[in-house]
Each structure stands twice: as structure tokens, then as C-alpha cells.
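Take these sequences, add in the hints, and give me the full structure.
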Amino acid sequence: MNTVLALSQIVIKELYRRKDFYVLFVLTGLITAVAGSANFFNDDKIARYLKELCLLLIWLSALFIAVGASARQIPAERENRTIFPLLAKPVTRGQVVAGKFFGCWLACGLALLMFYLFLGVVTGSREREWPVMSFLQALWLQWVFLAVVIAMVLWGSVVFAAPSSNATICVIAVIGIWGLGHYLNRVAVQEPEPLRSFLYVLYFVIPHLEWFDIRDMVTHERGLVPWWDCFLATLYGAAYSILFLFATWVFFRRKPLSQ
Amino acid sequence: MTPIVDIKDLRVEYRQNALGRGRKVKLAVDGLNLVVNQGEVFGFLGPNGAGKTTTMNVLLGFVNATSGSASLFGVNVAEPIARQRIGYLPELTYYYKFLTAEELLRFYAKVFGLPRSETDKRIDELMKLVELEEARKRPIKSYSKGMQQRIGLAQALINNPDLLILDEPTSGLDPLGRMKVREIIQRLKSDGKTVFFSSHELGEVETVCDRVAILHQGMLMAEGRVDELVQKYQSNLEQVFLKVIGYQHG
Chain A
381 MNTVLALSQI VIKELYRRKD FYVLFVLTGL ITAVAGSANF FNDDKIARYL
431 KELCLLLIWL SALFIAVGAS ARQIPAEREN RTIFPLLAKP VTRGQVVAGK
481 FFGCWLACGL ALLMFYLFLG VVTGSREREW PVMSFLQALW LQWVFLAVVI
531 AMVLWGSVVF AAPSSNATIC VIAVIGIWGL GHYLNRVAVQ EPEPLRSFLY
581 VLYFVIPHLE WFDIRDMVTH ERGLVPWWDC FLATLYGAAY SILFLFATWV
631 FFRRKPLSQ
Chain B
7 MTPIVDIKDL RVEYRQNALG RGRKVKLAVD GLNLVVNQGE VFGFLGPNGA
57 GKTTTMNVLL GFVNATSGSA SLFGVNVAEP IARQRIGYLP ELTYYYKFLT
107 AEELLRFYAK VFGLPRSETD KRIDELMKLV ELEEARKRPI KSYSKGMQQR
157 IGLAQALINN PDLLILDEPT SGLDPLGRMK VREIIQRLKS DGKTVFFSSH
207 ELGEVETVCD RVAILHQGML MAEGRVDELV QKYQSNLEQV FLKVIGYQHG
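Heads up: the protein sequence lines correspond to chains A and B, in order. Quick note on our numbering: the first sequence kicks off at 381 and runs consecutively. Quick note on our numbering: the second sequence kicks off at 7 and runs consecutively.
Hints listed in this document are in silico derivations from the structure and should not be mistaken for laboratory results. Just so we're clear, the structure is a prediction, and the values are computed from it rather than from any experiment. Backbone N, C-alpha and C define an ideal beta-carbon position, used for all residues, glycine too. Check each hint, because a few of them may be wrong.
[Stated by the list, open to error] Simulated restraints, written as ranges between beta carbons of each label pair: (1) S505/A - E124/B: 43 to 53 Å; (2) E85/B - I622/A: 17 to 27 Å; (3) I87/B - Y580/A: 39 to 49 Å.
As C-alpha cells, then:
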């Protein structure tokens with residue numbers, strides 16, 4: 381566990397020293413501040429639109445941070461050859477995968493915390509109320525979403541040759557699943573065989589990332605998601621993350637590393 | 007007595023496909039048998055492409071043997087625990103450039119599970135040994151090549167290893183840097199440590215090594231004590247090397 385923690389600390393240090401996160405945070409802040417300063421159509425409920433915009437930016441920024449950071453972890457270790465002195469120590473490839481995953485996930489968690497604090501300040505200053513539990517639920521479920529995404533991207537990083545192609549494919553796949561995944565069963569009903577079966581299988585195989593997205597509930601103040609549902613969603617996310625990490629380990633384990 | 011390094015009938019074939027399957031492309035090591043005993047400084051020689059680095063890669067677990075076996079301290083190299091008592095210095099410096107020297111050593115100390123108090127003491131000792139005390143808080147990316155090689159040596163020694171594997175440790179270093187590395191190897195030898203290193207600097211090998219092995223096209227061509235080989239071939243180590251690999255003048 382020491383090794384996994386040490387590796388994850390390196391990932392976090394790299395992320396905050398690379399400054400990618402600061403750029404996205406400043407951009408999110410700027411866009412939200414500019415949008416918030418405008419008074420569209422003299423609408424008193426501008427805070428709601430602001431919250432919606434801010435949440436969308438948080439989701440997109442966090443997604444890009446997670447994909448960008450995790451796509452380069454293992455390829456950069458190989459390209460910069462830092463993997464050699466590392467694996468020459470009593471470190472297994474499984475620990476490398478786990479360390480990279482936890483590092484990226486914890487770093488994304490810290491980024492999310494900052495983003496949600498900012499959201500709290502923005503909405504609090506407009507609406508004079510602080511729906512802390514609602515924000516906490518949204519943050520937690522988004523963090524679980526990011527765990528699945530990070531594990532998926534890590535798997536992609538040992539399958540695809542270039543980090544950029546992996547990042548592009550993963551962003552498209554994640555946005556596709558997130559936006560369209562829950563329509564697959566409805567599409568399947570209208571299609572002939574064997575496409576129908578294929579779409580049904582796909583519907584049940586893909587991780588339903590849209591389940592973690594409770595932006596509408598936060599924006600329109602529809603109350604909290606039942607805690608039991610939150611727990612089940614966490615288990616669902618954990619299962620997919622473990623599955624992707626296992627696949628990453630299987631691919632990475634046998635990969636020869638020639639200097 | 008268990009040998010520190012024990013290689014038996016090692017054969018390594020590089021294959022085309024990334025997963026290690028597919029058609030054969032190159033035979034890198036062919037039927038290598040080698041034993042390194044405790045306290046020895048062992049020179050691993052051969053022209054470029056002879057299979058030295060591949061053999062080291064097998065010992066370090068980077069590459070799997072096609073057949074045969076390799077063990078460190080009697081433990082199969084496939085087991086990560088086999089690397090608990092070794093230090094490794096790669097030919098070129100490959101470290102996290104965004105870390106400072108101190109952070110890098112602290113990271114590797116954590117990987118070895120060293121307690122914090124011991125880590126602090128060890129880092130101080132090593133910084134002094136490699137003469138980087140002044141630069142310990144600077145990011146590695148600001149280091150010169152010689153300084154990077156020295157921090158490499160420090161990371162290889164962080165766990166006070168019983169076996170040091172050095173891949174061309176003096177490559178690209180100035181005469182002062184080379185002398186420093188030689189001094190460190192000799193100090194380790196006097197402490198009873200085992201050193202296994204590859205080098206093209208045959209004069210240096212002759213000075214520090216007890217035994218050498220000469221590899222050519224993946225096969226072991228000669229092995230023995232340096233003085234015995236020199237006596238057998240009636241020439242210096244460089245001439246021995248050239249004769250063994252079949253090089254003919256003109």
C-alpha cells in the first residue's frame with residue numbers, strides 16, 4: 381500500500397506542477413463570472429442558469445483534466461523511461477496501475493472540491509442559500525464517474541499506441557455514453573435483428589455514466605437523491621473501475637519493456 | 007553458498023507483437039549461463055547489440071526469458087521481492103524531472119518501505135556521497151548531465167543494496183565523474199557488496215573488476231578472472247576482448 385500511495389503522490393505532484401488544472405479553473409471562473417455579471421432578459425432566476433452553466437463547465441473541465449492526466453501516465457513513464465528505475469525496485473506492474481489510478485483520482489477529487497467551492501460561492505452570492513448536501517452528493521457522484529473514466533483511459537493507454545489517440549477515443553466514448561447511452565435500449569426496439577440484439581448487449585455492457593449526472597436535480601433544487609441509490613451507484617462505479625483496472629493490468633503485465 | 011546472480015540456459019527472443027506473442031524477430035540471448043558470487047565486482051562486456059542490456063533487463067524483470075531461468079539471491083527474478091536488495095543505475099538518467107533530488111530519493115525510499123528517520127539519514131549520507139548537498143532542493147530538470155548521473159547513483163543506493171546493477175555507469179561522464187564512480191564501486195566492494203556492471207571502458211573494467219564475462223551475438227564467449235584471461239591470451243583486456251569476439255585487424 382505504501383508503494384501505491386507513494387506513486388499516487390507523484391501523480392498529484394506532477395498534476396499541480398504542470399498547471400493544466402489552474403488553466404481550466406481560471407477559464408471556468410472567468411466564463412461563469414462573465415455570464416453571471418450579465419442580466420439576461422431581466423430574469424430574476426438568473427442564478428439558476430448560472431448554476432447550470434457552472435455545473436456544465438465543471439463537468440467538462442473535470443472530464444478533460446481526468447482524461448488528459450490519465451492518458452499520459454503510463455505512456456509517459458515508458459517514453460521518459462522513468463518506468464525502468466521504478467520497476468527495478470520491488471514494485472509490481474499492478475502497483476504501478478493502482479498508483480496511477482489513485483493518483484489521478486485523488487487529484488481529480490481535489491480539483492472537483494475547488495470547482496464545487498467556487499460553485500458554492502457563485503450560487504451563494506446570488507441566491508443567499510447554501511445547499512451543501514446537494515452539492516456534496518453531486519460532487520461524490522461526479523467523483524465516482526471520474527473513477528470509471530480514469531480507469532477506462534488507463535486501459536486505453538496500454539492498448540492504444542499514442543496518448544493523443546487514446547484521449548480522443550476516450551473523450552468521444554465517454555461523451556457518447558454519457559449523452560446517448562440511456563437511449564440505446566429504445567433504439568434497439570426499433571431495429572431488426574441482429575442489430576437489435578447487438579444494441580441490447582451494448583446497452584447492458586457499457587457503464588451508464590449518465591446515472592452519476594445529477595446536475596438537473598442540483599440546478600432545479602429537486603432535493604436529494606436517496607442515499608441508498610447513491611450507495612448503489614458508487615458500487616456500480618467501483619465495479620466498472622475495477623474491471624477496467626484489471627484489464628489494464630492484464631495488458632500491462634506481459635508487455636516487454638526494452639531499453 | 008547461494009550465488010547472488012544465477013543465470014541458467016537463458017534464452018531471450020524478441021517478438022514482433024506488443025503482447026510478446028507473434029513471429030520471432032530476433033534472438034537476443036542464446037543459452038547464457040552465468041554466476042556472480044557475493045562480494046565480486048563483475049564486468050559484463052560485449053560489443054553493442056551483444057545482449058548485455060537484454061540480460062540486465064531479464065534480471066530486473068523488464069523482459070521475460072523465452073526459456074531458462076534467472077535468479078537474484080536465490081529468488082526467481084519474476085518475483086518483485088528479488089529486487090528488494092538491489093540497486094540499479096540505468097545507462098541514461100530517467101527520473102521524474104519535476105521532482106527535486108530530495109523528493110526523488112524520498113519517493114524511492116518509500117517504495118522500499120524505509121522508515122522516515124532512516125530515510126532522512128540516508129538522504130543526507132547519499133547527498134554528501136554524490137556531492138549534491140547544495141542542489142538537493144532544485145528540480146532535477148535544472149541539473150547538468152553529470153549531476154543527473156550522480157542523482158541516479160544516489161537513487162540506486164537508497165536502500166543500501168547488497169547487489170548493484172550498473173548499465174554503463176560512466177557513459178558520457180567527464181574524467182572526474184568517472185573517477186568518482188570508480189571510487190564508489192571500490193568503496194562498495196570494500197563494504198562486501200556485489201557489483202554487476204556493463205561497460206565499454208575496458209581500462210576501467212580491468213582496474214575494478216574481479217571477473218568478467220564477454221558476450222557476443224547473445225552467446226557467452228569467455229568468462230573468468232581478469233588476470234587469468236590476460237595471462238591466457240598474453241595481452242591486455244582490450245586485446246582479449248577483440249580476440250574473443252573474433253575481430254581481425256585490417
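Hints versus structure:
1. For the pair S505/A and E124/B, the beta carbons lie near 51 Å from each other, so the given range of 43 to 53 Å is met.
2. About 24 Å separates the C-beta atoms of E85/B and I622/A, a value consistent with the hinted range of 17 to 27 Å.
3. Checked against the hint of 39 to 49 Å, the C-beta distance between I87/B and Y580/A comes to roughly 47 Å, which is consistent with it.
The structure agrees with every numbered hint stated previously.
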